[in-house]
Amino acid sequence: MSNFRRSQNQSNPNKLNAILSTLIFILILNVTMQIWLLYVALNNALDNNKEILIPAFVASLILFIIGISLLYYLPTGNRNIRK
Amino acid sequence: MSKEDNLNKNWKKDFPIEKQQATNVSRRDFAKFLTLVSGGLMVGSGLVTAKAYLYPKEEVLGEHFVCNKDEVPLGGTRAFVIEGSTIPYILIHLETGEFKAYEQKCTHLSCSVFYKPGTGVIHCPCHEGSFDAKTGNVLAGPPPRALPKLDVFFKDDAVYVRAVQEEKIAKL
Ligand code: FES
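Residue numbers (the numbering used here), protein chains in the order written: chain A, 133 to 215; chain B, 491 to 662.
Watch out, some of these pointers could steer you wrong.
If we take Cβ atoms under 8 Å as the criterion, some of the chain A residues that face chain B in the derived model are [stated by the list, open to error]:
hint	residue
1	Asn-162
2	Val-163
3	Gln-166
4	Leu-170
5	Ala-173
6	Asn-175
7	Leu-178
8	Lys-182
9	Ser-192
Derived contacts from chain B toward chain A, CB cut-off under 10 Å, selection only [as the list claims (entries may be wrong)]:
hint	residue
10	Leu-524
11	Met-532
12	Val-538
13	Thr-539
14	Pro-634
Below, simulated DMTMM-like cross-link-like pairs (lysine to aspartate or glutamate); rule was C-alpha separation at most 20 Å, straight line [said to hold, decoys possible]:
hint	chain 1	residue 1	chain 2	residue 2
15	B	Lys-547	A	Asp-179
16	B	Lys-559	B	Glu-588
17	B	Lys-595	A	Asp-179
18	A	Lys-147	B	Asp-519
19	B	Lys-547	A	Glu-183
20	A	Lys-182	B	Asp-519
21	A	Lys-182	B	Glu-548
Quick caveat, the hints were computed from the structure, so don't treat them as lab data. All C-beta atoms, glycine included, are put in the ideal place defined by N, C-alpha and C.
Only chain B is shown next, with the shape it has when bound in the complex (with noise of 0.2 Å):
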């Protein structure tokens, strides 16, 4: 049998469906599966929704003792964690004599972070994400939010930590 004769006979037999109908057959599927798609990411997004409002980030309650300032030197980072949380946080201080805290989470991928002492930046080894010290938020790299943080205070020479208070104001 010649390639002629196979081209025009038994391809055709062994597959006997008009070329159009074949492409549309699968463009067809292609859209009810990008329909399908579509679905999952509206349900997705209503899962976000419902995670955030039924099950809603505990805050930090009360105040809670970290250390005793003369025990954390100028430029130096002390890391904390809060009783009944399994959160770690870091507290710095800053070389202009501030006290900061922040969640020492990377807001990325979840890599430990730490201060640069001496630049004001906090940095994230993993994908040298770097945050300001003196805020929290995002100087450079991949993290696409700022620091949670912790507002400090002090009681004598006891640097205490609670939630921030003003953040819902600042943020409007």
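Next comes chain A alone, as it looks inside the complex (with noise of 0.2 Å):
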């Protein structure tokens, strides 16, 4: 069976492999900055400053939705190619 999408995907099979590039780039971009916030939340946090620790986690918060929203767009690959 065809369809357009397959299709597509046949026609520009580098198009996933650049999706899944960019998708894995902005979660390491993620992961860097919730590394990030979680060490400076837990300086302060030692230092007895509680202004930034609900700020920082819900920075974090942030970034890990934004992160499973991207798996949305996350290609299962090309299945079925040869059959």
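Fit the two chains together into the complex; they arrive one by one in their own frames, and the hints show the way.
As structure tokens, then:
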């Protein structure tokens, strides 16, 4: 069976590659920012500065939600090409 | 069987997956794994916040007697603990005549710090951290934060300590 999406993918096999690479790049960026946020939050918690903790947590949560919603665009690959 | 044949037939039989599919699979898993890590960091951040709000660091309550002024010579120090707590503190008699009290745990990895007489520097031997003996601020080395301090005050000749009062105002 053929459909539009599959023939598109077959004629442009590099497209999925680009999507996936971009996704991974953005995810790594997000995780880097979250590591930094956690580091700052921990240092400030130990220093008894509480004002920054909730904003840091919210920022971390937003980054996580962005990551989760990006997974929706994760390509599933070109299945059944050979059959 | 020649090497050519082997490459062309058997290898593909043993591993009947398209090259593109193979790379897609592992990178997709990697992307999912990254999201998992992201979730972990988010939870970690939440735990730090919850811990800070639910179990705040206990403050030193009231006033505590340490020793008499003449027991600590100029440039000398004295270690003490406050009753009901295990945190070690040091009292420093600076060359300027001032008394200062700090937590003795380095803010880097909790080694115990000591005062270098004559220099105005509190030193941590573990990774060569240095703190300013006047303020507790970090001068050099890996410690990320200033040493926590106590207020020192006197009643006649006796040295007392209490929690820092004006800290909140000074920070703003
Ligand atoms: S523990 Fe003091 S500098 Fe590392």
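Indices of hints not satisfied (ascending) = 20
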